[in-house]
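J.: Start from chain C and add chain F according to the hints.
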Amino acid sequence: MGRDLGRHESFNESSLLQSAKPQLPMGMAQKATPGTSLEGIRPTYLYKVVLLGSTSVGKSSLAYRYVKNDFKESLPTVGCSFFTQTLNLEAGTVKFEIWDTAGQEKYHSVCHLYYRGAHAALLVYDITNKETLNRAKLWLRDLEKEFLPDEIVIALVGNKTDLAADREVATEEGEEFARTKGLLFMETSAKSNHHVNDIFMAIVSN
Amino acid sequence: MAADVHKKKGWEVPNGSLAPGDGQHTERSESPTPGLAQGTEPGAGQEGAMFVHTRSYEDLTSPEDGAAAARSPEERRGEPAEPSSMEQISKDFSELSTQLTGMALDLEEEMRQSKEGKLEPSPQTTRRDSVLSGKEEEDVTMDAWRMHRKHVFVLSEAGKPVYSRYGSEEALSSTMGVMMALVSFLEAEKNAIRSIHADGYKVVFVRRSPLVLVAVARTRQSEQEIAHELLYIYYQILSLLTWTQLNHIFQQKQNYDLRRLLAGSERITDNLLDLMAHDPSFLMGAVRCLPLAASVRDAVSTSLQQAKAKSLVFSILLSGNQLVSLVRKKDQFLHPIDLHLLFNLISSSSSFREGEAWTPICLPKFNSSGFFHAHISYLEQEMDLCLLLVSTDREDFFTVSDCKRRFQERLRRRGVHHALQEALRTPFYSVAQVGIPDLRHFIYKSKSSGLFTSPKIEAPYVREEEKERLLGLYQYLHSRAHNSSRPLKNIYFTGPRENLLAWVTSAFELYICYSPLGTKAGAISAVNKLMKWIRKEEDRLFILTPQTY
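Residue numbers (the working numbering), protein chains in the order written: chain C, 744 to 949; chain F, 1164 to 1712.
For reference, chain F alone in the conformation it holds in the complex:
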């Protein structure tokens, strides 16, 4: 089993800047400037990162995609031109906003199209006269089925349905057959289909042999982002089966019905899709921490660290979808995607609330060929605090269960129980704490630590659709900033209901949303003030000193 525990070399940073050198901490600046080196931005870990190092969102998928490779020279070329002062940024913004008038039009066009799209059935969905529907599944011939904003289908290369987000797979088998035919048709020409854009819809294909994943979406996301979500679904399936098993099955029997093996797990995939529509973690490719006083977090981490066992690789404490603490084996790094999958697994099942769960799980980004064994339990009935102990040895249930007991004992002895309970009462902070009147919401990601922070989404984004719309705007800015052919570093976007600003540097990414009455100058000073606030609060909002066993 020890062989399972290996580091993915592809993620290492060539210059070894994974752990910022000691010299850098002393240089942590008061107010971060744009020229901030990676590793010194607010939220950057002081003693090495917890995660596999990801510089940007593209890194998450690039090794398989190969698409990001073309992008990196451009990125590098962009770096020396990093604006060095506020005036420079301000100048950049004014230049940009002239360019961006066109962009806003794009967006409006897109929105208008998607509204129209609601009225017309998609041309991509095949009509069928009679279909067999599952008991609780939606009837795929109904308009309601077509109205969904994003459909996701997974099929095998033999064209057999594996998963459908809405409607039963049986009823969709002919649709999936058509999808596979499209893929095969282009492959016969030594080509590959990536997407179809029509009538406000994007049909995105991701091929990961032996599976094909297809999304039919009329969201504002870019093709790249939809493909990224499909990859998450692929990894979710791997986490249940491992890549090795999946391939073995289809080598044995090409027309195998994979639903047999995935039965009972559909809700995990459903939950992942819902989570991706609400939680910016997936978009940012980063993890959010529960705001917690550094002293309390340190006590928790030390308790976790001391409750170790030989077979343990990761000890993770989480609340909701936020990280409280993570302790890892030396030299073993968890990938944010793997952590997201774990978060999703826990949030999709209420069964972990009772007793202690022990389940095989594959962390596909860490090692897609083997299973880890995870001990999952809640610390207390009433507390939203879930402990995940990831072990390499499936026989080690009692040893790992004892680690939990030892952790709880230490936690009690350190007397942080109460403080932890307090922190759980307010798992999200309000943007009002920042003290910038026009600021409505923001997302700040520290690239070197792979962590991000974001306040609670508050008024005027109250209803679910409004929250999704806000996330949609961030998605839009994000896709513009990370556009493969023309990446942008600064984006200023004036909309009818809010103004947004995005600022992407080699060290961090910042997206802010503020009042539509605010001015551009106001936004820039808000960014400055916000960055100072994040720096001041960084030891509460981030995990600065990650621990190892």
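Next comes chain C alone, as it looks inside the complex:
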């Protein structure tokens, strides 16, 4: 992991800088970042998060809301998308590496690539679609095969609370399942920005 850390760092910085200040040339942008100078003082943690779940439960929307604080209807992800986000906490800097996977079955064979080495997994389901919770349970079984219980933080996320009128999965049902399996649990809405930051904070502080 240590060797990887160095390699990923340079990559993360540059891609973050581009999204923040696209007009600046590379050299200037680096000087302007406080993160570089602070690195010596505070530790930097690399934190790999993988988003898993069925098609159209809102994995990409959650990632997009968290990284860009915006919402837009998106089409199914092809393969997977990679995002980075830096978080400055008292205890240090956390660099999130977010792997947003495609929910479609044909990409399942490559999914294990994305969750290898992950520190946390968000198992996302859609509260208006019961079937997606069942699928999330299957994803959990997959994760349990791959990881030892203390190796990874897993959170069950019921997304789309803005559509509560069409709810098919009661909050208690998700909660109960999460409790029996020892998962974190939260209901979110990427659209109305409900608990999105909280869930990312929860997995990193756990």
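FYI, nobody ran anything at the bench for these hints, they're computed from the structure.
Take the hints with a grain of salt, since some may be wrong.
If you anchor each label on the Cβ, the simulated ranges turn out as follows [claimed, not checked]:
| no. | chain 1 | residue 1 | chain 2 | residue 2 | range |
| --- | --- | --- | --- | --- | --- |
| 1 | F | Phe1561 | C | Leu881 | 25 to 33 Å |
| 2 | C | Asp885 | F | Glu1350 | 37 to 45 Å |
| 3 | C | Arg859 | F | Glu1627 | 30 to 38 Å |
| 4 | F | Met1310 | C | Asn949 | 41 to 49 Å |
| 5 | F | Gly1340 | C | Ser852 | 24 to 32 Å |
| 6 | F | Asn1646 | C | Lys888 | 57 to 65 Å |
| 7 | F | Glu1627 | C | Ala907 | 21 to 29 Å |
| 8 | F | Arg1577 | C | Thr787 | 29 to 37 Å |
Think of the CB as a built atom: it goes at the ideal place given N, C-alpha and C, for glycine as much as any other residue.
T.: Just chain F, lined up with the frame of chain C:
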């Protein structure tokens, strides 16, 4: 994985003229003559082609079809008779236009039929009393569903629906059953159904075991062209699954429901069908380049070339559906079909705009049995510039992502960023730049480079239907020029709304559309002038010096 990277031998040219020899560049003529050897026409690459060599449209499908084989002797026989002077062409045109009066009638007949076709429901579509429709899908019992100009269906050999362009597959399962029955019925007789022509409709069948593809069209395209489009759909499916996986699935379970695996990808296929109706790239079997000053393009290509990694096979920079630069591994050639599929993948998904995508993709013409891994990202939020890095190693995400960073850094250092931005502001040129008053539009394809150029479609082709009609006319000329039983080299077509001229040689293909008031003599001098203009602009319109790592 290295074994995946192999060249398709079938595409090699027997005499090795893939890369025109050095001697040929010095002989690039000022004004191209019809006798122009392949490799010296405007737009021909100077240091070898980027693509698998395709001499003509038939080449794209021939290895599987076997149909084109019968054609080649004829083509060859035609070559020595290549007209050598403008007078000769002019003479040919006058001879042809007498023959073509009949052709114009054909066309009118066909158009009239298709108009009538609008009023009557197709006899091929089965009526059903009650059907189950998907939520957002069209009701297949409605007239609106029947009115579509082109239906495309994909089914498995067990008759199970895989894809339908309009309407839900469930609702169409009995229709697809009938289609499979037709195919099987003829197969039992050791025969194969290719098409049904009736009432202005063409029903075209393409069999690619374990799939059957069917189109029901009332467009002006030839059967051959519709079949060609169906093959694109087949390749699109392969690009998601690979041929190996597809076959494996159906060997395991004959009545497998393939929609499970293709779920979420229907829009990629939908987009491909829409794109084929608008973009001449598919018809030409060639790729269009973003017009760009040669110095800028060279700087971009060199930057791409320098940002290489061991596992990279192709680095492709594109804007819209136009190629900006392509760098490839030595000895590895990309097939235009594969590049078209990549273009389609990118244009069909907005999700690539955010973050960096890493996805398995099969390039079926390159190697239909394995996946490449593509890193797809836009260079900047506001810029329509997408970078595609195709790697053989699925573990190489960070290495490839670093290639992108290095490419961007080099681009900035070379200071071409601004010039690139400028070029993106006008991704299409106007035909007015050519300076021929009667010329409305044209398509010019250089056969040896696999690249073509074409101006923006302008007035009077403003509305979508008019644009499609223009492309329809080109399709018609193209199908006449490449007719398997009677290919034509020169076509002069006088229509009520425009005149068209097609000129197909062993080195290039040219289709021009000009004012209906123009004369044939005027058209011929326009061709001459246009060819000179293309030659003058070739380093901006084409990629003359393709790079390798």
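J.: None of the hints should be skipped; say for each whether it holds.
T.: Hints, one by one, checked against the model:
no., hint, result
1, F:Phe1561 / C:Leu881: 25 to 33 Å, "holds, 29 Å"
2, C:Asp885 / F:Glu1350: 37 to 45 Å, "holds, 42 Å"
3, C:Arg859 / F:Glu1627: 30 to 38 Å, "violated, 47 Å"
4, F:Met1310 / C:Asn949: 41 to 49 Å, "violated, 57 Å"
5, F:Gly1340 / C:Ser852: 24 to 32 Å, "holds, 31 Å"
6, F:Asn1646 / C:Lys888: 57 to 65 Å, "holds, 59 Å"
7, F:Glu1627 / C:Ala907: 21 to 29 Å, "violated, 41 Å"
8, F:Arg1577 / C:Thr787: 29 to 37 Å, "holds, 32 Å"
This entry does not satisfy hints 3, 4 and 7, going by the numbered hints stated previously.
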